[in-house]
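Heads up, the final residue of the sequence shown is numbered 334 in our numbering, and it's a clean run with no missing numbers.
Treat the hints loosely; a few may be bogus.
[What the hints assert, rightly or not] Straight-line C-alpha distance at most 25 Å; calculated SDA-like pairs for lysine to any residue:
1. LYS213 with GLY36
2. LYS17 with ASP191
3. LYS203 with ASP216
4. LYS251 with ALA297
5. LYS17 with ALA326
6. LYS17 with GLU136
7. LYS245 with ALA326
8. LYS17 with GLU255
9. LYS17 with ILE78
[Unchecked claim] Simulated DEER-style distance windows between Cβ atoms:
10. GLN120 with LYS251: 40 to 50 Å
11. ARG289 with ASP142: 30 to 40 Å
12. ASP92 with PRO55: 27 to 37 Å
Please keep in mind that the hints were generated in silico from the structure rather than gathered at the bench. Given the structure is predicted, the values throughout are model-derived calculations rather than measurements. In this text, a Cβ means the ideal position worked out from N, Cα and C, and glycines have one as well.
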Amino acid sequence: MTAPFPFSAIVGQDEMKTAMILTAIDPTIGGVLVFGDRGTGKSTAVRALAALLPPITLVEGCPVNSARPEDVPDWAGIETKLTVEAPTPVVDLPLGVTEDRVTGALDIEKALTRGEKAFQPGLLARANRGYLYIDEVNLLEDHIVDLLLDVAQSGENVVEREGLSVRHPARFVLVGSGNPEEGELRPQLLDRFGLSVDVGSPKEIETRIEVIKRRDAYENDNAAFMLRWQAEDAAIRERILTGRKALGDLKTGDETLMDVAELCLALGSDGLRGELTLLKAARAYAAWRDDTALTRAHIRAVAPMALRHRLRRDPLDEAGSGTRVARVVDEVLG
(Lines of atoms letter the chains of each structure in order from A and count residues from 1; the text may use other names and numbers.)
(Lines give C-alpha, C1' and ligand atoms only; values in the text may rest on other atoms or scores of the structure.)
Protein backbone atom coordinates (compact mmCIF):
# COMPACT_ATOMS: atom_id res chain seq x y z
CA MET A 1 0.00 0.00 0.00
CA THR A 2 1.35 3.43 -0.95
CA ALA A 3 2.22 5.64 2.01
CA PRO A 4 0.29 8.91 2.39
CA PHE A 5 1.56 12.01 0.57
CA PRO A 6 4.37 13.66 2.61
CA PHE A 7 3.16 16.51 4.81
CA SER A 8 6.16 18.69 4.00
CA ALA A 9 5.55 18.26 0.25
CA ILE A 10 2.10 19.90 0.35
CA VAL A 11 2.39 23.13 -1.62
CA GLY A 12 1.09 26.29 0.08
CA GLN A 13 -1.94 26.02 2.42
CA ASP A 14 0.34 27.27 5.20
CA GLU A 15 -2.45 28.25 7.58
CA MET A 16 -4.11 24.84 7.31
CA LYS A 17 -0.81 23.04 7.90
CA THR A 18 0.00 25.27 10.87
CA ALA A 19 -3.42 24.65 12.43
CA MET A 20 -2.98 20.88 12.15
CA ILE A 21 0.54 21.05 13.60
CA LEU A 22 -0.76 23.04 16.58
CA THR A 23 -3.38 20.36 17.31
CA ALA A 24 -0.65 17.71 17.09
CA ILE A 25 1.33 19.62 19.73
CA ASP A 26 -1.71 20.20 21.94
CA PRO A 27 -4.70 17.97 21.03
CA THR A 28 -6.85 19.73 23.68
CA ILE A 29 -7.12 22.77 21.38
CA GLY A 30 -10.29 21.19 20.06
CA GLY A 31 -9.87 20.15 16.46
CA VAL A 32 -9.77 21.97 13.15
CA LEU A 33 -12.52 23.08 10.78
CA VAL A 34 -11.34 23.52 7.18
CA PHE A 35 -13.61 25.24 4.69
CA GLY A 36 -12.70 25.60 1.04
CA ASP A 37 -12.86 24.36 -2.52
CA ARG A 38 -12.73 20.71 -3.46
CA GLY A 39 -9.29 19.36 -4.32
CA THR A 40 -7.32 21.74 -2.11
CA GLY A 41 -5.54 19.09 -0.05
CA LYS A 42 -7.78 18.96 3.03
CA SER A 43 -7.94 15.18 3.45
CA THR A 44 -4.39 14.82 2.12
CA ALA A 45 -3.08 17.05 4.92
CA VAL A 46 -4.88 15.08 7.66
CA ARG A 47 -3.50 11.73 6.49
CA ALA A 48 -0.06 13.19 5.84
CA LEU A 49 0.20 14.63 9.35
CA ALA A 50 -0.94 11.40 10.99
CA ALA A 51 1.61 9.43 8.94
CA LEU A 52 4.32 11.90 9.91
CA LEU A 53 3.75 11.45 13.65
CA PRO A 54 5.61 8.69 15.54
CA PRO A 55 3.78 5.34 15.77
CA ILE A 56 1.73 4.72 18.89
CA THR A 57 2.18 1.74 21.19
CA LEU A 58 -1.01 -0.24 21.74
CA VAL A 59 -2.22 -3.58 23.06
CA GLU A 60 -2.57 -5.99 20.17
CA GLY A 61 -6.21 -6.42 19.19
CA CYS A 62 -7.56 -3.76 21.58
CA PRO A 63 -10.60 -2.07 19.98
CA VAL A 64 -9.82 1.29 21.65
CA ASN A 65 -6.06 1.33 21.02
CA SER A 66 -5.17 1.10 24.74
CA ALA A 67 -1.50 1.79 25.47
CA ARG A 68 -1.28 -0.64 28.43
CA PRO A 69 -2.88 -4.05 29.12
CA GLU A 70 -4.46 -2.74 32.35
CA ASP A 71 -6.29 -0.06 30.32
CA VAL A 72 -8.08 -2.55 28.04
CA PRO A 73 -11.85 -2.37 28.80
CA ASP A 74 -13.43 -5.48 30.32
CA TRP A 75 -15.97 -5.80 27.51
CA ALA A 76 -13.20 -6.15 24.90
CA GLY A 77 -12.47 -9.79 25.79
CA ILE A 78 -8.76 -9.35 25.07
CA GLU A 79 -6.49 -11.73 26.95
CA THR A 80 -3.18 -10.96 25.24
CA LYS A 81 -0.68 -8.70 26.99
CA LEU A 82 1.36 -8.09 23.87
CA THR A 83 1.96 -4.50 22.82
CA VAL A 84 2.77 -3.50 19.27
CA GLU A 85 3.54 -0.31 17.39
CA ALA A 86 0.99 1.00 14.91
CA PRO A 87 0.52 4.18 12.85
CA THR A 88 -1.52 7.00 14.37
CA PRO A 89 -5.12 6.06 13.40
CA VAL A 90 -7.12 8.19 10.96
CA VAL A 91 -10.80 7.26 10.84
CA ASP A 92 -13.19 8.60 8.18
CA LEU A 93 -16.75 9.32 9.23
CA PRO A 94 -19.13 8.96 6.25
CA LEU A 95 -22.22 11.06 5.60
CA GLY A 96 -25.44 9.34 6.59
CA VAL A 97 -23.74 7.43 9.41
CA THR A 98 -26.02 6.27 12.22
CA GLU A 99 -25.50 7.14 15.88
CA ASP A 100 -24.90 3.45 16.76
CA ARG A 101 -22.18 3.25 14.12
CA VAL A 102 -20.47 6.28 15.66
CA THR A 103 -20.74 5.49 19.36
CA GLY A 104 -21.04 1.70 19.26
CA ALA A 105 -23.98 -0.50 20.21
CA LEU A 106 -24.93 -2.63 23.20
CA ASP A 107 -26.30 -6.11 22.57
CA ILE A 108 -29.30 -6.13 24.92
CA GLU A 109 -30.37 -9.69 24.01
CA LYS A 110 -27.00 -11.16 24.97
CA ALA A 111 -26.96 -9.11 28.18
CA LEU A 112 -30.39 -10.40 29.23
CA THR A 113 -29.98 -14.04 28.19
CA ARG A 114 -26.31 -14.63 29.11
CA GLY A 115 -25.64 -11.86 31.60
CA GLU A 116 -22.75 -10.61 29.46
CA LYS A 117 -21.95 -6.96 28.75
CA ALA A 118 -21.68 -7.31 24.96
CA PHE A 119 -20.60 -4.15 23.18
CA GLN A 120 -19.88 -3.58 19.52
CA PRO A 121 -17.44 -0.63 19.39
CA GLY A 122 -17.98 2.13 16.87
CA LEU A 123 -15.90 4.69 15.00
CA LEU A 124 -15.11 6.64 18.18
CA ALA A 125 -13.32 3.60 19.61
CA ARG A 126 -11.21 3.19 16.49
CA ALA A 127 -10.30 6.90 16.48
CA ASN A 128 -9.02 6.93 20.07
CA ARG A 129 -5.48 8.39 20.21
CA GLY A 130 -5.74 9.48 16.57
CA TYR A 131 -7.76 11.60 14.16
CA LEU A 132 -11.43 11.51 13.23
CA TYR A 133 -11.96 13.08 9.82
CA ILE A 134 -15.34 14.28 8.55
CA ASP A 135 -15.57 15.40 4.93
CA GLU A 136 -18.56 17.63 4.15
CA VAL A 137 -19.13 18.19 7.87
CA ASN A 138 -21.69 20.89 7.03
CA LEU A 139 -23.90 18.19 5.46
CA LEU A 140 -23.75 15.89 8.48
CA GLU A 141 -26.81 15.79 10.71
CA ASP A 142 -26.52 18.35 13.52
CA HIS A 143 -27.15 15.86 16.32
CA ILE A 144 -24.25 13.69 15.10
CA VAL A 145 -21.91 16.71 14.95
CA ASP A 146 -23.05 17.75 18.43
CA LEU A 147 -22.36 14.24 19.74
CA LEU A 148 -18.88 14.19 18.19
CA LEU A 149 -17.98 17.56 19.67
CA ASP A 150 -19.20 16.48 23.13
CA VAL A 151 -17.05 13.35 23.05
CA ALA A 152 -14.03 15.18 21.59
CA GLN A 153 -14.22 17.67 24.46
CA SER A 154 -14.73 15.13 27.26
CA GLY A 155 -12.37 12.46 25.91
CA GLU A 156 -14.85 9.72 26.84
CA ASN A 157 -17.62 7.91 24.99
CA VAL A 158 -20.60 6.78 27.07
CA VAL A 159 -23.24 4.41 25.68
CA GLU A 160 -26.32 3.75 27.82
CA ARG A 161 -29.33 1.61 27.02
CA GLU A 162 -31.92 -0.24 29.08
CA GLY A 163 -30.02 0.29 32.33
CA LEU A 164 -26.71 -0.88 30.85
CA SER A 165 -23.75 1.47 30.50
CA VAL A 166 -20.41 1.22 28.72
CA ARG A 167 -17.62 3.78 28.83
CA HIS A 168 -14.36 3.93 26.95
CA PRO A 169 -11.70 6.58 26.22
CA ALA A 170 -12.19 8.52 23.00
CA ARG A 171 -9.42 11.09 22.77
CA PHE A 172 -8.95 12.22 19.20
CA VAL A 173 -8.38 15.30 17.10
CA LEU A 174 -11.55 16.11 15.18
CA VAL A 175 -10.99 17.52 11.71
CA GLY A 176 -13.98 18.64 9.68
CA SER A 177 -13.91 19.94 6.13
CA GLY A 178 -16.51 21.24 3.76
CA ASN A 179 -17.51 23.60 1.00
CA PRO A 180 -19.38 26.65 2.38
CA GLU A 181 -21.42 26.87 -0.83
CA GLU A 182 -23.13 23.60 0.14
CA GLY A 183 -24.37 24.79 3.53
CA GLU A 184 -23.16 26.22 6.81
CA LEU A 185 -22.79 24.86 10.32
CA ARG A 186 -24.90 26.31 13.10
CA PRO A 187 -23.03 29.02 15.07
CA GLN A 188 -23.28 26.88 18.23
CA LEU A 189 -21.38 24.09 16.49
CA LEU A 190 -18.90 26.40 14.80
CA ASP A 191 -17.90 27.85 18.16
CA ARG A 192 -17.02 24.45 19.57
CA PHE A 193 -14.36 23.68 16.97
CA GLY A 194 -10.98 24.87 18.23
CA LEU A 195 -9.51 26.32 15.04
CA SER A 196 -10.96 27.30 11.69
CA VAL A 197 -9.13 27.91 8.42
CA ASP A 198 -10.16 28.82 4.90
CA VAL A 199 -8.36 27.23 1.96
CA GLY A 200 -8.58 27.96 -1.74
CA SER A 201 -7.12 26.86 -5.03
CA PRO A 202 -3.80 28.58 -5.79
CA LYS A 203 -4.06 31.53 -8.17
CA GLU A 204 -0.44 31.63 -9.34
CA ILE A 205 0.51 29.57 -12.39
CA GLU A 206 3.88 28.59 -10.87
CA THR A 207 2.21 27.25 -7.73
CA ARG A 208 -0.31 25.20 -9.68
CA ILE A 209 2.48 23.74 -11.82
CA GLU A 210 4.42 22.76 -8.69
CA VAL A 211 1.35 21.02 -7.27
CA ILE A 212 0.96 19.02 -10.48
CA LYS A 213 4.67 18.11 -10.57
CA ARG A 214 4.71 16.82 -7.00
CA ARG A 215 1.50 14.85 -7.34
CA ASP A 216 2.72 13.31 -10.59
CA ALA A 217 6.03 12.33 -8.98
CA TYR A 218 4.19 10.84 -5.98
CA GLU A 219 2.06 8.65 -8.25
CA ASN A 220 4.66 7.66 -10.86
CA ASP A 221 8.01 7.66 -9.03
CA ASN A 222 6.83 7.04 -5.50
CA ALA A 223 9.98 5.60 -3.92
CA ALA A 224 12.22 8.46 -5.05
CA PHE A 225 9.60 11.07 -4.18
CA MET A 226 9.09 9.74 -0.64
CA LEU A 227 12.85 9.60 -0.12
CA ARG A 228 13.16 13.20 -1.31
CA TRP A 229 10.81 14.49 1.43
CA GLN A 230 11.78 12.09 4.20
CA ALA A 231 14.18 14.49 5.91
CA GLU A 232 11.73 17.40 5.86
CA ASP A 233 8.99 15.27 7.41
CA ALA A 234 11.43 14.03 10.06
CA ALA A 235 12.35 17.62 10.94
CA ILE A 236 8.68 18.54 11.41
CA ARG A 237 8.15 15.43 13.57
CA GLU A 238 11.05 16.40 15.83
CA ARG A 239 9.74 19.96 16.19
CA ILE A 240 6.30 18.63 17.15
CA LEU A 241 7.77 16.28 19.77
CA THR A 242 9.99 19.07 21.14
CA GLY A 243 6.98 21.40 21.23
CA ARG A 244 4.94 18.87 23.24
CA LYS A 245 7.68 18.71 25.87
CA ALA A 246 8.09 22.50 25.94
CA LEU A 247 4.41 23.30 26.55
CA GLY A 248 4.63 22.82 30.32
CA ASP A 249 7.60 25.14 30.69
CA LEU A 250 6.17 28.10 28.74
CA LYS A 251 5.78 31.27 30.78
CA THR A 252 2.48 33.13 30.45
CA GLY A 253 2.34 36.54 32.12
CA ASP A 254 -0.76 38.39 33.30
CA GLU A 255 -0.27 40.98 30.57
CA THR A 256 -0.65 38.22 27.96
CA LEU A 257 -3.87 37.02 29.56
CA MET A 258 -5.07 40.63 29.51
CA ASP A 259 -4.35 40.83 25.76
CA VAL A 260 -6.28 37.60 25.12
CA ALA A 261 -9.31 38.77 27.14
CA GLU A 262 -9.36 42.26 25.61
CA LEU A 263 -9.12 40.85 22.09
CA CYS A 264 -12.05 38.45 22.55
CA LEU A 265 -14.10 41.16 24.25
CA ALA A 266 -13.45 43.59 21.38
CA LEU A 267 -14.55 40.93 18.88
CA GLY A 268 -17.77 40.24 20.80
CA SER A 269 -16.95 36.56 21.29
CA ASP A 270 -19.65 34.83 23.35
CA GLY A 271 -18.58 32.85 26.40
CA LEU A 272 -14.97 32.07 27.30
CA ARG A 273 -14.23 29.32 24.78
CA GLY A 274 -12.57 31.85 22.49
CA GLU A 275 -10.12 33.01 25.15
CA LEU A 276 -9.21 29.49 26.20
CA THR A 277 -8.67 28.29 22.64
CA LEU A 278 -6.68 31.39 21.68
CA LEU A 279 -4.44 30.91 24.70
CA LYS A 280 -3.86 27.20 23.96
CA ALA A 281 -3.19 27.85 20.28
CA ALA A 282 -0.77 30.69 21.05
CA ARG A 283 1.08 28.50 23.55
CA ALA A 284 1.32 25.66 21.03
CA TYR A 285 2.60 28.12 18.41
CA ALA A 286 5.24 29.42 20.83
CA ALA A 287 6.30 25.84 21.58
CA TRP A 288 6.44 25.08 17.84
CA ARG A 289 8.79 28.05 17.39
CA ASP A 290 10.87 26.93 20.38
CA ASP A 291 10.21 30.19 22.27
CA THR A 292 10.29 30.21 26.07
CA ALA A 293 7.60 32.82 26.78
CA LEU A 294 4.26 33.74 25.26
CA THR A 295 4.18 37.13 23.52
CA ARG A 296 1.85 39.29 21.46
CA ALA A 297 3.52 37.97 18.30
CA HIS A 298 2.24 34.47 19.07
CA ILE A 299 -1.28 35.75 19.79
CA ARG A 300 -1.30 37.79 16.59
CA ALA A 301 -0.20 34.76 14.53
CA VAL A 302 -2.99 32.42 15.67
CA ALA A 303 -5.85 34.88 16.37
CA PRO A 304 -7.50 34.54 12.92
CA MET A 305 -7.69 30.73 13.04
CA ALA A 306 -8.81 30.70 16.69
CA LEU A 307 -11.46 33.42 16.43
CA ARG A 308 -12.75 33.93 12.87
CA HIS A 309 -15.53 31.35 13.25
CA ARG A 310 -16.71 32.82 16.57
CA LEU A 311 -17.65 36.26 15.23
CA ARG A 312 -21.24 37.44 15.21
CA ARG A 313 -22.61 38.24 11.79
CA ASP A 314 -22.42 41.91 10.89
CA PRO A 315 -24.58 42.73 7.83
CA LEU A 316 -23.00 46.19 7.60
CA ASP A 317 -19.45 44.82 7.37
CA GLU A 318 -18.67 43.09 4.07
CA ALA A 319 -15.11 42.19 5.09
CA GLY A 320 -14.34 38.51 5.58
CA SER A 321 -14.11 37.14 9.10
CA GLY A 322 -10.33 36.78 8.91
CA THR A 323 -9.99 40.41 7.84
CA ARG A 324 -12.24 41.54 10.69
CA VAL A 325 -10.14 39.62 13.23
CA ALA A 326 -6.91 41.09 11.82
CA ARG A 327 -8.39 44.58 12.04
CA VAL A 328 -9.37 44.18 15.68
CA VAL A 329 -6.01 42.59 16.51
CA ASP A 330 -4.30 45.72 15.13
CA GLU A 331 -6.59 47.96 17.19
CA VAL A 332 -6.10 46.03 20.45
CA LEU A 333 -2.50 44.88 20.19
CA GLY A 334 -1.12 47.75 18.15
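Status of each hint after checking the structure:
1. LYS213 with GLY36: Holds, at about 22 Å.
2. LYS17 with ASP191: The hint holds at about 21 Å.
3. LYS203 with ASP216: Given pair LYS203, ASP216 holds - Cα atoms ~20 Å apart, limit 25 Å.
4. LYS251 with ALA297: 14 Å, holds
5. LYS17 with ALA326: This hinted pair holds, its Cα atoms lying about 19 Å apart.
6. LYS17 with GLU136: 19 Å, holds
7. LYS245 with ALA326: At roughly 30 Å apart (the allowed maximum being 25 Å), ALA326 and LYS245 break the hint.
8. LYS17 with GLU255: 29 Å, violated
9. LYS17 with ILE78: Violated, because 38 Å separates the two Cα atoms, which is more than 25 Å.
10. GLN120 with LYS251: 40 to 50 Å: 47 Å, holds
11. ARG289 with ASP142: 30 to 40 Å: Hint holds: Cβ distance 37 Å, inside 30 to 40 Å.
12. ASP92 with PRO55: 27 to 37 Å: Between ASP92 and PRO55, where Cβ atoms are some 20 Å apart, the hint is violated.
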